[in-house]
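Protein chains: 2
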Amino acid sequence: MVDSSIPTLNTWVEVPKNSDFTIYNLPFGVFKNKKLSPRIGIAIGDKIVDLSILDQEGFFSSFFLPEGVFLKDSLNDFIALGKPQTRKIRERVQQLLLEDNEELKNHSARGKVMVNRKEAEMLLPVKIGDYTDFYSSIEHATNVGKMFRDPENALLPNWRHLPVGYHGRASSIVVSGTSIFRPKGQFKDPDMEKPAFGPSRRLDFELELAFITGKPTKLGDSVDVNEAEDHIFGFVLFNDWSARDIQAWEYVPLGPFLGKNFGSSISPWVVTLEALDPFRVSGPVQEPEVLDYLKSKGDHSFDINLEVYIQPDGSKASKVCTSNFKNMYWNVAQQLAHHTVNGCNINVGDMMASGTISGPTEDSFGSMLELSWKGTKPVKLEDGLERRFIEDGDTVIMKGFAEKDGIRVGFGEVSSQILPAKS
Amino acid sequence: MVDSSIPTLNTWVEVPKNSDFTIYNLPFGVFKNKKLSPRIGIAIGDKIVDLSILDQEGFFSSFFLPEGVFLKDSLNDFIALGKPQTRKIRERVQQLLLEDNEELKNHSARGKVMVNRKEAEMLLPVKIGDYTDFYSSIEHATNVGKMFRDPENALLPNWRHLPVGYHGRASSIVVSGTSIFRPKGQFKDPDMEKPAFGPSRRLDFELELAFITGKPTKLGDSVDVNEAEDHIFGFVLFNDWSARDIQAWEYVPLGPFLGKNFGSSISPWVVTLEALDPFRVSGPVQEPEVLDYLKSKGDHSFDINLEVYIQPDGSKASKVCTSNFKNMYWNVAQQLAHHTVNGCNINVGDMMASGTISGPTEDSFGSMLELSWKGTKPVKLEDGLERRFIEDGDTVIMKGFAEKDGIRVGFGEVSSQILPAKS
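Chains as they are written, first to last, in UniProt numbering: chain A, 1 to 423; chain B, 1 to 423.
Hints are not guaranteed to be accurate.
For identical chains, the list gives no copy identity; a pair is met inside one copy or between any two copies.
[Unchecked claim] List time: in silico PhoX-like cross-link candidates among lysine-lysine, alpha-carbon distance up to 25 Å: (1) 127 / 218; (2) 422 / 215; (3) 188 / 146; (4) 297 / 194; (5) 118 / 34.
Keep in mind the hints are simulated off the structure, nothing from the lab.
Everything numeric in this text was worked out from a predicted model, so none of it was measured.
Generate the whole structure from the sequences, applying the supplied hints.
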């Protein structure tokens, strides 16, 4: 499945060096600006290709698309066209942007089609139906198990047999740039006699990637692990904000709730599975062997570099984590097959996040909980600052990109600032 | 808050004795039939009042409703009008149905307005945004704690301090009458060396009530416990199907997932908070005292009789449980205040279920897990049958009704049959 070389493509659009949005990427997003109502676009370099204008000008006439399918405030109806259609549309845009193609380059509508990304406001790309969060990094699960349970038996007995996951809150998933209020809640530290109430004292991020489903199933049906990718439209960066003190007190026996559902932040551009295809790698050996319904053939892991930065108010951004999506023990095909093996139905626009993506080294841990080892080892930042957890005014920025043979396909970023708790 | 007597109302509609759908109730639902497209109605006796026809005929003209607000396949837009509006509409219908009122009784459209309930197909009443399940019965939590954890410390330390809850799956909530396939999944009983895969061997129901939210909040905002009921539109019966073997193996540390999300069944008629008002009772004394944000004034518990029946294929229905909603330790105002205290936003059409409603006596337990005490004490049914858990072909029926001074307000039923696992 791994392409040994990627064919070289050149575009007439100026794409800055190290741009995530190359001719090889072409992610989908929803944007508006002062003049334009919400609509669907594709990012390239510092521009957005306005697909609604391309459609109006007849560039997609051979596809017989429903009228106004790009003039929407979410990608859902577009994604619901199905992968054969959405893939063709992306390929058509790629063709139009090629250096040698004159169709759009010399078209009178070119100016209207190519919108400045700087002037656009990005919206939440999908109306999320249900949101699920997995727990698929063995390093993260081991770290958490060591800190909160038994260091000698950090992984619980089920962990290597199934991709542990739980349901999260869809309503509070927001797009990059949306500030998050520090949550208030109940906590009871081990040294406290009874629980107290107040703003969380241990606010954290979790570095994750999430996939968006693109093909529905009926209640009672299951998705075969080797057909699971047909149901995946694309990926976004996902910051699963977590209040560790609230979570620690509330989570037994039914799992995380208010420690998580005050907000999750995602990047606005949905990078398609097709764009990530050249960056496939084989996953880790799974031992013990998994049950048949989880045996995936081929490569379903992806070599995607991930970074987390903390930028205190009025200071510089400091990189605090360098990780990689290929570190995940459970792959996306296994996650989706497991999720549906009991007949649970999925809809277009469901979101399934990976769980914290931690690597094996101390600088690759995907949360402050792990980086500061439960607050015992402060993380050094620029300007002589340090952090155990996230403070008011801090902005957390996550970036992700795949790179190979000098070719780059990236996610841009998800960035959000923490505001003081509401009084 | 408790009405000591309910004013007597008489209607010109024939309402059978023991009907749940009296002039005092008037629940909202969505229906269609062979001739009529999906629309909103109110149940009374064996009839449905077609609100779209009432609207067309001008009976609501003083309310300035948006056009076609009753010609929808869900209640969401209607509920979103806000409680002052929806309450007025229900009161107007109540007025039109009174014995002495001639407006509809003698109107030429009366035949079109009054649809036979028997000929109608009820649809899922709301498009559910997010679904949350609480765990608010102290009897249920204690029973489960005894069976699965430590009989001496059955309740976990947080239980009396906060209404424990978790997120569930909205996509698989279906309306009464929809069959559910027995889920397949992984399980590992204590005597098994490694996990196995197959149809669940311990399929169970959970007797619950769920409320539907009717007034949205913004991310970062909290609902005061004494204003929480302003955000509650009404209630439905809720069967939280559970696969105990799958759940037991998967649920650590992040909570129930595939053991639950293969399906949940709800009753089609949404009984409003207003209709339940006469049946308020004071809740249990909460000891230790709860934190300030959970201190609710007034009566937020409801005296609602609940029953569960099992009907094996080709046999009679046997009552296996008699419980009451007033048994709940945590009330709905506390649940909603807790859910939003961290700033989690709610939308119109969110659903929040109570958790299994078990009472103090052995015949009041709200699940087979408790009724058969983990399968050790078979439950006797009619025709010499018995059950430890639910078998293929069994139909589980839940009923609920409040009664006082000879006045009855009921939910009808939620009924669904279990089909064999799909191969």
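Comparing the hints with the structure gives:
no. : hint      : verdict
1   : 127 / 218 : both (19 Å within a copy, 16 Å between copies)
2   : 422 / 215 : between (40 Å within a copy, 20 Å between copies)
3   : 188 / 146 : both (20 Å within a copy, 24 Å between copies)
4   : 297 / 194 : between (51 Å within a copy, 23 Å between copies)
5   : 118 / 34  : within (12 Å within a copy, 54 Å between copies)
The earlier numbered hints are all upheld by this structure, with none contradicted.
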